[in-house]
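Residue numbers (this note's numbering), protein chains in the order written: chain A, 7 to 213; chain B, 7 to 213.
Be aware that one or more of the hints could be misleading.
If chains are identical, the list can't say which one is meant, so a pair holds when it fits in one copy or spans any two.
Stated by the list, open to error - Below, computed lysine-lysine pairings styled on DSS-like, alpha-carbon distance capped at 25 Å: (1) K128 with K159; (2) K188 with K159; (3) K159 with K194; (4) K191 with K159; (5) K191 with K139; (6) K159 with K196; (7) K111 with K128.
It is worth saying that the hints were derived from the structure and are not from the lab.
Residues per chain, in single letters:
Number of protein chains: 2
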Amino acid sequence: MTALDFVGPHEILSRLPHASSLRVAVEAGCILTDSGLVLDADLSLSDVSEADILVIPGAGNATSLKTHPNILAWVRQIHQTTTWTTSVCTGSLILGAAGILNGIKATTHWAAFERLNSYGVKPTHARVVEDGKIMTAAGVSAGIDMALVLASKVVGPEFAQTIQLGLEYDPNPPFDIGSPDKVPKEMKDKLKARMVSFFEEESSGHT
Amino acid sequence: MTALDFVGPHEILSRLPHASSLRVAVEAGCILTDSGLVLDADLSLSDVSEADILVIPGAGNATSLKTHPNILAWVRQIHQTTTWTTSVCTGSLILGAAGILNGIKATTHWAAFERLNSYGVKPTHARVVEDGKIMTAAGVSAGIDMALVLASKVVGPEFAQTIQLGLEYDPNPPFDIGSPDKVPKEMKDKLKARMVSFFEEESSGHT
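Go ahead and model the full structure; you've got the sequences and the hints to work with.
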């Protein structure tokens with residue numbers, strides 16, 4: 007898992023009134039993220055059978071689907087119970103592999119964008135994409151924007167604005183280069199080549 | 007600790023070439039953050055005596071300084087060894103309490119801004135403030151912008167841009183309301199009143 011995929015939305019959604027935030031993994035316990043940071047999952051898949059909001063973060067070196075195919079059955083089960091089913095970054099590939107995105111507009115990390123096609127998705131270029139009760143975010147940091155949009159829908163814009171102000175989320179990146187349409191082709195291709203290897207690896211696990 | 011204060015910069019700085027990222031707490035082990043998320047610290051203060059870059063995240067309910075005054079001595083010690091000493095959000099109050107910000111331009115979370123005065127700081131309104139080898143970021147999410155600025159200085163703009171593209175950091179918040187100068191006074195005052203209580207509590211611990 008990529009830590010920021012998860013921590014961005016968690017910082018926002020855990021602040022919703024009466025929210026009870028459950029952090030679920032195949033098995034409860036320590037989760038090593040792809041930056042080396044260790045996060046703690048409170049609960050195992052088998053402990054949780056329903057959720058109002060499901061957030062599936064992405065991964066930089068996804069092996070979980072290969073080793074744990076029961077994730078997909080769990081995702082399908084929880085999706086039946088949700089008000090919102092959401093993903094960040096390559097998390098949408100997990101929703102796709104679970105069969106949830108068939109015919110649905112969705113997005114993912116820009117370098118994995120073509121991978122959405124294999125799940126019958128309508129790949130949609132936007133930072134946050136909503137289709138029915140499914141909301142997907144683009145790469146990593148887009149989860150922050152998605153969670154604010156979601157917070158606004160769930161508890162209203164004023165509360166969401168207060169959260170945004172509390173997090174002082176008035177972004178000012180040093181470069182205007184965070185999206186693939188803004189960068190030189192060479193930089194994009196070079197980074198994509200590095201990233202695609204793990205997407206392919208993930209792909210071979212669930213097709 | 008506020009998880010996003012730390013995870014934003016970590017996601018960026020851990021990607022620097024040859025970076026070895028050490029996550030240090032008073033005692034190694036589980037750290038409960040103010041959103042309920044548990045992170046793991048690899049090392050205790052006594053395990054670490056130097057660092058190239060020191061990042062001090064902030065907290066929503068800072069009690070660490072009251073219970074562990076040796077943090078301040080450790081921060082002073084590490085600061086002697088750094089190329090960059092940095093903070094996110096109310097982390098700058100820890101740098102201030104350690105005596106490092108005397109006469110220095112710095113920032114913090116907007117709701118804690120006046121608190122900087124008590125440490126002889128030159129409070130400076132900007133998302134990222136640099137003064138000598140000290141770099142401080144405004145509230146929570148500003149740590150992402152700061153870490154990209156820092157990455158650019160440490161390894162050059164092209165590498166920093168590649169990291170930014172990898173994280174697809176092309177922010178598009180749903181509201182233009184992430185800074186206190188952009189919001190209605192009532193919303194700002196209400197949120198500040200809620201937040202100030204823990205700043206005061208923190209203050210009483212190290213004055």
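How the hints compare with the structure:
no., hint, in the structure
1, K128 with K159, "within (23 Å within a copy, 40 Å between copies)"
2, K188 with K159, "between (30 Å within a copy, 21 Å between copies)"
3, K159 with K194, "between (34 Å within a copy, 21 Å between copies)"
4, K191 with K159, "between (37 Å within a copy, 24 Å between copies)"
5, K191 with K139, "neither (35 Å within a copy, 34 Å between copies)"
6, K159 with K196, "between (38 Å within a copy, 22 Å between copies)"
7, K111 with K128, "within (4 Å within a copy, 49 Å between copies)"
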